[in-house]
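Q: Given only the sequences and the hints, what does the whole structure look like? Please build it.
Residue strings, one per chain:
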Amino acid sequence: MRRNRKKFRMLPLFAAALIWAAPLTGCSSDTEDTEEEEEESQAQTLTVEDKDYYTRFKDQGISINVYNWGEYISTGADEGTLDVNGEFEKLTGIKVNYTNYATNEELYAKLKGGGAAYDVIIPSDYMISKMIKEGLIQPLDTENIPNRKYIMDNFRNQAYDPEDAYSVPYTWGTVGIIYDTTMIDIPPEDIDWDLLWNEDYADQILMFDNPRDAFAIAELMLGYSLNTEDPEELEQAAFKLRQQKHIVQGYVMDEVFDKMGAGDALIAPYYAGDALTILDDNEDLDFVVPASGTNLFVDAMCIPTSARQKEAAEMYINFMCEPDIAYANIDYICYSTPHSAAYEMLDEEVRESHVSYPDSDFIAEKTTVFVNLSDEANAKMQKLWTEMKSAEDENSNRWLMPTFLIICVAIIVFVLIRRHIKNKKDIF
Amino acid sequence: MKLKYFSAPYLVWMVVFILVPLLMIAYFAFTTDGGGLTIKHISDVGQYANIFVRSIWLSLVATAICLVVAYPVAFILSRMEKHKQGTMLLIVMLPMWMNFLLRTYAWMTLLGNNGIINHLFGLVGLGPYKLINTSGAVVLGMVYNYLPFMILPLYSVMEKIDKSLFEAAADLGCNSTATLLRVIIPLSVPGITSGITMVFVPAISTFIISRMLGGGSNLLIGDLIEMQFLGNSYNPHLGAAISLVLMVIILVIMTVMNQFDPEDQVLM
Numbered sequence: 001m002r003r004n005r006k007k008f009r010m011l012p013l014f015a016a017a018l019i020w021a022a023p024l025t026g027c028s029s030d031t032e033d034t035e036e037e038e039e040e041s042q043a044q045t046l047t048v049e050d051k052d053y054y055t056r057f058k059d060q061g062i063s064i065n066v067y068n069w070g071e072y073i074s075t076g077a078d079e080g081t082l083d084v085n086g087e088f089e090k091l092t093g094i095k096v097n098y099t100n101y102a103t104n105e106e107l108y109a110k111l112k113g114g115g116a117a118y119d120v121i122i123p124s125d126y127m128i129s130k131m132i133k134e135g136l137i138q139p140l141d142t143e144n145i146p147n148r149k150y151i152m153d154n155f156r157n158q159a160y161d162p163e164d165a166y167s168v169p170y171t172w173g174t175v176g177i178i179y180d181t182t183m184i185d186i187p188p189e190d191i192d193w194d195l196l197w198n199e200d201y202a203d204q205i206l207m208f209d210n211p212r213d214a215f216a217i218a219e220l221m222l223g224y225s226l227n228t229e230d231p232e233e234l235e236q237a238a239f240k241l242r243q244q245k246h247i248v249q250g251y252v253m254d255e256v257f258d259k260m261g262a263g264d265a266l267i268a269p270y271y272a273g274d275a276l277t278i279l280d281d282n283e284d285l286d287f288v289v290p291a292s293g294t295n296l297f298v299d300a301m302c303i304p305t306s307a308r309q310k311e312a313a314e315m316y317i318n319f320m321c322e323p324d325i326a327y328a329n330i331d332y333i334c335y336s337t338p339h340s341a342a343y344e345m346l347d348e349e350v351r352e353s354h355v356s357y358p359d360s361d362f363i364a365e366k367t368t369v370f371v372n373l374s375d376e377a378n379a380k381m382q383k384l385w386t387e388m389k390s391a392e393d394e395n396s397n398r399w400l401m402p403t404f405l406i407i408c409v410a411i412i413v414f415v416l417i418r419r420h421i422k423n424k425k426d427i428f
Numbered sequence: 001m002k003l004k005y006f007s008a009p010y011l012v013w014m015v016v017f018i019l020v021p022l023l024m025i026a027y028f029a030f031t032t033d034g035g036g037l038t039i040k041h042i043s044d045v046g047q048y049a050n051i052f053v054r055s056i057w058l059s060l061v062a063t064a065i066c067l068v069v070a071y072p073v074a075f076i077l078s079r080m081e082k083h084k085q086g087t088m089l090l091i092v093m094l095p096m097w098m099n100f101l102l103r104t105y106a107w108m109t110l111l112g113n114n115g116i117i118n119h120l121f122g123l124v125g126l127g128p129y130k131l132i133n134t135s136g137a138v139v140l141g142m143v144y145n146y147l148p149f150m151i152l153p154l155y156s157v158m159e160k161i162d163k164s165l166f167e168a169a170a171d172l173g174c175n176s177t178a179t180l181l182r183v184i185i186p187l188s189v190p191g192i193t194s195g196i197t198m199v200f201v202p203a204i205s206t207f208i209i210s211r212m213l214g215g216g217s218n219l220l221i222g223d224l225i226e227m228q229f230l231g232n233s234y235n236p237h238l239g240a241a242i243s244l245v246l247m248v249i250i251l252v253i254m255t256v257m258n259q260f261d262p263e264d265q266v267l268m
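Order-wise, the sequence lines are chains A and B. With the working numbering, letter number 194 in the first sequence gets 194, and the count goes up by one each step, no holes. With the working numbering, letter number 168 in the second sequence gets 168, and the count goes up by one each step, no holes.
Please keep in mind that the hints were generated in silico from the structure rather than gathered at the bench. Treat the hints with caution; some may be incorrect.
Example chain B residues on the side facing chain A (calculated, C-beta under 8 Å, incomplete) [to be verified]:
1. Asn50
2. Gly215
3. Ser217
4. Leu224
The structure presented is a predicted model; accordingly, all values stated were derived computationally and were not measured. For every residue, glycine included, the Cβ atom is placed at its ideal position computed from N, Cα and C.
A: Right, dumping it as structure tokens:
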């Protein structure tokens, strides 16, 4: 639930596919023929640089287990999109067993439990550093992944994997504010995180329902590092969040889609990729990444220590970095790509979009990637978060506990009296 | 004696999927990561006392409302002609055919600030009121989802009360209030206790209702447990400890409940 994986904005792609398919169906009445041609032309669009590299394991009956977010790869289910896994199987003869997870924590619990052997996984930044620390993922052999050269400089040597030894970035995005332009009369460049604390919009504000993202916003406002482990600073951030609580309508994650789409709330912080989906539903909304800075998240491909087919897994990662494949994926899932060649292939409109691709100076200077916090800091954050969320207004707290006690006592007294009467009756 | 063997499949099921997990929860609650014994996690649960109190309170309120609403319904149902009873029961059961999540999701849209209910209020010049993201909305969600579990046991007990008993009571000079208090209620106690059990236990451990209708700021025990497993700090030990405490609380409450049952037949 950390990030909603949905395919969206498929329409342009779909239209493009129709246009592309039209001449094919037009020039041949024989359907079988068309299929063949289609296959051929798809094979033509898919140009890999080093074919020999990919055919090394052909006919050896190897299979790899890929574990990815839901809706996070081009599947070819819709007409005109590329079946990435199918293409990989066709090219290399390696079978791909593809399964999905919904949260980083779910992935972590699976790997930690040790029950399953996966060859390729795609966790997010902070989870990667946690897995490196616990030895759950292993260093990659860079010689086997030549296509890594396409990864943009901004996404190299990130804090979660300083040596770039364990991961190859797959997608990224930023956190910003979705707001209703009809009700909030502030020019976009003036919008900052303090909008979420603005009393004028009391009860119209949504907030992240996970401590890491919520604390990050408070830390940004207080000028702390997003990866701070200082208990004092964490408490300050929690205090900041507590000040906001009385004007927050609700703490939500994916419910943001409905609530903002239906106009139930005016302001919500969320992830850029998902924000685009919401913006499509409701014309009044806009999305702003505050200029003061934000969190940048990266999902990257890794190989677990328990992987059985490391070389084949590296081949898969390399395949995912082929320009055509990277483009097909990013076009399908609509997050931002760290792949320079795929970026060049995108429509100009998408490339210029300040939502998907803020300029690189901003990324380099004003954004911070999460790294994993120490166990103590995580526990502290979780505790502060629970306290903040369960804190009640004072007057309601005053009668809650006594009433409960009185009811308990009343029940016990009643039971005792009943027993007493019953026993008396039994005597006669 | 041979009949005993037929219970073997369930016995195996029970051991593997009920007994072993329970023991594992107890094991996790009392051990550290390294496997050493500790009561740290149990004492850590103490800091969430207010969440426990809120959960118990909200589910008690929901159970009480369910009882008050369901009792007359069940009585009227049980006094209907036989062929009508089937149809009416079907109507009671009907919402349960729909997915639980979907039903709760629907309430989100109904109660929203721009939702249907506030929209109707707006038409007559009232509101908008803050309906969703309150503890009232959580109670409403519980009552809505668990009401059938209260009606059904009450109905099945009341259906067995012979009509002639009411006539006898009237003969002996009972007015309708006295009939209710001295005949109907005492005879339906088993239904009341099992109804309360069936509403209270799921209500106290729910987490999705409070998530969806409580706006994330009305944390219940269920949310707390979920946070230990899928939240930022992966802490199965604390999660297990909270579940263990919750189980004990439910056990105590159920024991108290069963004191009301004259024949001690239900549950314990």
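Q: Could you work out which of the previously given hints the structure breaks and list their numbers from low to high?
A: Per hint list: zero violations.
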